[in-house]
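*Asks:* Starting from the known structure of chain A, fit chain B onto it as the hints suggest.
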Amino acid sequence: MSLAEWQTDLAELVVAGAAGGVPERLPSEDPWLRDLVGSDGLRVTCAIQRWWRQQRLVAATPLTHLAAPEPLYDRIAARYLDTVAAHTMFFFVEARRFLEFLIVQPEIESAPHLPALARLEACRLRLASGECGPFRIEFHGDPLAIVAAALQGEALPPVGTPCVVVVESGTVGFRVVEHPESDGAASDQAAEPAVDLAQEPAARRQTQVEVAREREVSGVLAEVHFESGGAPG
Amino acid sequence: MPRIALGTTWSPLLGPMVEQNGDLLDFLEISPDVLCRERRCPLRGTTGLVLDPELLDRACRAATDTEVVVHGLGLSIGSAAGWNEGYLDMLDAFAAKRRFAWHSEHLGYLLYRDHDGRVCNAGVPLPIPCDVEALQLIAARAAAVVRRYGVPFLLENVAWYLSGIDRLGGIAEPEFLNRLCHRSGAGLLLDLFNLHCNAVNHGFAARDWLDALELEHVVEVHMAGGPDFEGFAVDVHSQVSTAGLKDLLECVLARAPRVRGVVFELLEESAGLMGVDGHRNELRELRAMLRGGGCRVAG
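Just so you know, the sequences run in chain order A and B. Note that my numbering has the first sequence beginning at 1, numbered continuously upward. Note that my numbering has the second sequence beginning at 1001, numbered continuously upward.
Next comes chain B alone, as it looks inside the complex:
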């Protein structure tokens, strides 16, 4: 079995805390979205994403001695109205500047066309129905991303709050993910906290869900914790993971042979509340659970 590396979220605001705990980390997970800005091109009437040189430089400096994986937010891979081409252009520019071991995206959609035909942004990633049309759309796009960057491309299971959406498309979510991986060549970023939120909110057993998932597709695992809101467990990654979630991680690691990295994912607004010591303690606990530890994600 390959060893498993430990990483955490890096962003400009989390940078100082991550740096202080760098001795426990094998790699950093960076969202290029937080390093770029939207710019309107008046001639083309389009909006593009441009990496901010100063922020990009800070990210590259933070990762001088460590590996990087990319975790995207804005591709909108599930949009039937068209995904975000500008995001891919920006990711090309990032890839030219900094190599990354793999790239991941959320399995959902942000962009849609309103009833007047304008492309709009929902403002929060929304879930997709697990049906054949969505499967074909996303599998083709994921395969294109795999080819484009020549590194693994992972799709992340998302948290959803809309009761019954999992039964809409006729395909159970784990089966949908299995088929997606087979058709596209993509892997999975298994966010255990998102799974936990869905299990709690919609009354199913996370372990049953995992039993239905082909765990050999899992390349990365996200660990996190968060608060409840109005009776729902919400995927605001602002706290350390619970003992129960760590049990779930242990279960996954024992059965997922291709996991290469576990990431403690943290919302940057939470850095102050968690503190360096809280972050460090979580990294220590996770590190103790990983096979080998202290290894490279690139294998």
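Only chain A is shown next, with the shape it has when bound in the complex:
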């Protein structure tokens, strides 16, 4: 058995074991590998792999983690780790994949604002990964109040008026572009061109109140560390 084949078999044992299963093809040639199945050492190796992945998810999705009721986040994270194989040691890719998974889980509809916050966090990760945006996310209520409550670990505000925000490259926060009830715009329309409000004269784009609000949101989001990286050792 070559080193490459041996490594494949061992890695697949660990990856499958970390997800609570066994690989589709059990190692057939190497008796040591065959004996590993069910061993304490393999179990600990798998637990460590799973723990690292879980830590990366929490570290890279702080907004969603803070906003979600703990059992809900943990339950969905566990399901994700059970069903989606590790492809990377890096936070952003794993976190994006997790958020995409979380957003389509039926039970998050029971947590108001969580889908919007998860989408917001996913969009920030997409921008950080080099995508251009801008991205639009529909909130049902005041986005600043919702984000601030999530970050402070407070109860999220009740569902309110729909409101579309845009996240775009070059800014830390997001901006509120429209209130559907006032201008009739649908949330899935193309976003306005990205504008860095820090560089834009207030009178040209927004009222002073709106600019202050933008800066406040940027300040709130700046509190969130969108860190990257791999597992230390």
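No lab work stands behind these hints: they were computed from the structure. Where a beta carbon is used, it is the ideal one built from N, C-alpha and C, also for glycine. Fair warning: there could be bad hints in the mix.
Said to hold, decoys possible - To spell it out: a stretch of chain B is covered by chain A in this simulated footprint if at least three of its residues, at any positions, have a beta carbon under 8 Å from a beta carbon of chain A; those stretches are: (1) 1013 to 1024; (2) 1113 to 1124.
Said to hold, decoys possible - Which bits of chain B does chain A cover? Going by a derived footprint, with three or more residues having C-beta under 8 Å, they are: (3) 1027 to 1039; (4) 1079 to 1092; (5) 1162 to 1170; (6) 1226 to 1234.
*Replies:* Same frame as chain A, now just chain B:
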């Protein structure tokens, strides 16, 4: 004998704590992995690593008045399926921005090809068998890294939990490390906590293992502590080192003539639990053990 410098792990989240204890430190150990992001190149169908300018800037600012060594996580130097070329490209970019006294990597593998031929990531560094094929593969790569950066390249002994892997390849682990250093020109990062975990988990004496290792290859030593998990000592570097591990360090320092740095390695998630004072106390204790102290790693 050269003096030995004291360092600790730096990361964006550990930064404030490290800064507060900076008066006890001679150098910082930085993993560029925590300063970069993966980016997919749709045209080439490949994934590359890109340093985040803001995080890189923070790291450089933290190390303005101190030296830096690099401790890598993602090279996957032991992968028979191919190591991580993108990691080396990223390290080139880091080297262009910030000089480092040496560079180290874990002796293991992350990348493998699945049965459909796709390159996958195991999600945790896995150990390699100590056999001739692995020795030839890693020695050639380590020699290439030594040439590429012109500074010492160190390989770190890893913790492993899979019973019997140390007997698979026919070469004992210390002997494997000795041969690797001779063939490649690389040095060793001796992680004493990893050694401790292996000794406890697999029932051998750490000092016997050290007796079989040619300690003149050791350039850096890692010190750390961590919890037990389901009856295993695990290499989660989240606590201060024990008195027993410090005894082991003393034993190594007395016999390893080329050690240039000792690093208190810490997982960033543990910063809150350890606190600035806990970190400081550990640095003080380690500093008191080092020859001279207060020196430069660059020698």
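*Asks:* Hints numbered earlier in the text: which of these fail when held up against the supplied structure?
*Replies:* Structure breaks hint 1 only.
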